[in-house]
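Colleague: Residues 1 to 259 (UniProt numbering) make up the sequence shown, in order.
Since the hints were made in silico from the structure, they are not lab data. A portion of the hints provided could be inaccurate.
Unchecked claim - Cβ pair distances, simulated, as ranges: (1) 121 <-> 246: 41 to 47 Å; (2) 64 <-> 195: 23 to 29 Å; (3) 146 <-> 231: 37 to 43 Å; (4) 124 <-> 90: 21 to 27 Å; (5) 50 <-> 8: 25 to 31 Å; (6) 46 <-> 147: 17 to 23 Å; (7) 2 <-> 124: 39 to 45 Å; (8) 220 <-> 128: 22 to 28 Å; (9) 258 <-> 145: 18 to 24 Å; (10) 8 <-> 62: 26 to 32 Å; (11) 12 <-> 220: 20 to 26 Å; (12) 50 <-> 184: 29 to 35 Å.
None of these values were measured; they are calculated from a predicted model. Positions of the beta carbon are idealized from the N, C-alpha and C atoms, including for glycine.
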Amino acid sequence: MIEILNPTRLPRARRAGALVADILQAVRSRCEVGTNLLEIDRWTRSMIIEAGAESCYVDYAPSFGRGPFGHYICTSVNDAVLHGRPFDYALADGDLLSLDLAVAKDGVVADSAVSFVVGATTTPDGAAMIDATERALRAGIAAAVPGARTGDISHAIGSVLGAAGYPINTEFGGHGVGTTMHQDPHISNTGRPGRGYTLRPGLLLALEPWVMADTADLVVDADGWTLRSATGCLTAHSEHTIAITDDGAEILTLPTGTR
1 MIEILNPTRL
11 PRARRAGALV
21 ADILQAVRSR
31 CEVGTNLLEI
41 DRWTRSMIIE
51 AGAESCYVDY
61 APSFGRGPFG
71 HYICTSVNDA
81 VLHGRPFDYA
91 LADGDLLSLD
101 LAVAKDGVVA
111 DSAVSFVVGA
121 TTTPDGAAMI
131 DATERALRAG
141 IAAAVPGART
151 GDISHAIGSV
161 LGAAGYPINT
171 EFGGHGVGTT
181 MHQDPHISNT
191 GRPGRGYTLR
201 PGLLLALEPW
211 VMADTADLVV
221 DADGWTLRSA
231 TGCLTAHSEH
241 TIAITDDGAE
251 ILTLPTGTR
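Assemble the whole structure, with the sequences as input and the hints as a guide.
Modeller: Written out as structure tokens, the structure reads:
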């Protein structure tokens, strides 16, 4: 299903996006050496409930997962890159942590992810990987204009990631959002320009470049959810929800006060 939002619902999408961004910002500011992933999940649950919003994850049970996800945020550490299920683990100095959050507020979903290094130890490889996903995200957003095609976004993202030397997995990527979290169209992280669905005002897209240092292959944890690099290499993930407008792409998942 591809859902086009009525212009009167765009303010709702902005509120949902700001909430997701504010929660991610708050959680990130509290993450330090020794923070447990289950604490992060509890903080997130409290903030979602306090805002009168709904988690898109806790009851999420798609065909590729094993039963309901059962948690409120994805916490992917080091070689884990997507769908990281929180567990009893205390963050260590130098861990590369990706937080991914999707929330429904006033009937509209927003989805965003951020990667960062915990503590004082930052490796050049980790910093470069995070930077590449953030630059690829900016390139994808710049390509998301009315009349462009989804392939134009994929090509823009893939050009940045490929130039940085990273293999690109095409199983998981960006997607449409609206009243539900995962909708068509699929936005691969590499592709051919001029192909795919034509972008039009009212379309909401979650763009999410992610990479693994030396492989495009994933393995699934015993929890049935967490996706890791097949070689155990470092990973990173960045994501924003955008709205296609008459003037281009509006980033919805920016913290309050930064628009």
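Colleague: Now look at each hint and say whether the structure bears it out.
Modeller: How the hints compare with the structure:
no., hint, result
1, 121 <-> 246: 41 to 47 Å, "holds, 46 Å"
2, 64 <-> 195: 23 to 29 Å, "holds, 25 Å"
3, 146 <-> 231: 37 to 43 Å, "holds, 40 Å"
4, 124 <-> 90: 21 to 27 Å, "holds, 25 Å"
5, 50 <-> 8: 25 to 31 Å, "holds, 26 Å"
6, 46 <-> 147: 17 to 23 Å, "violated, 43 Å"
7, 2 <-> 124: 39 to 45 Å, "holds, 41 Å"
8, 220 <-> 128: 22 to 28 Å, "holds, 27 Å"
9, 258 <-> 145: 18 to 24 Å, "holds, 22 Å"
10, 8 <-> 62: 26 to 32 Å, "holds, 30 Å"
11, 12 <-> 220: 20 to 26 Å, "violated, 35 Å"
12, 50 <-> 184: 29 to 35 Å, "holds, 32 Å"
Consistency note: the structure conflicts with the earlier hints numbered 6 and 11.
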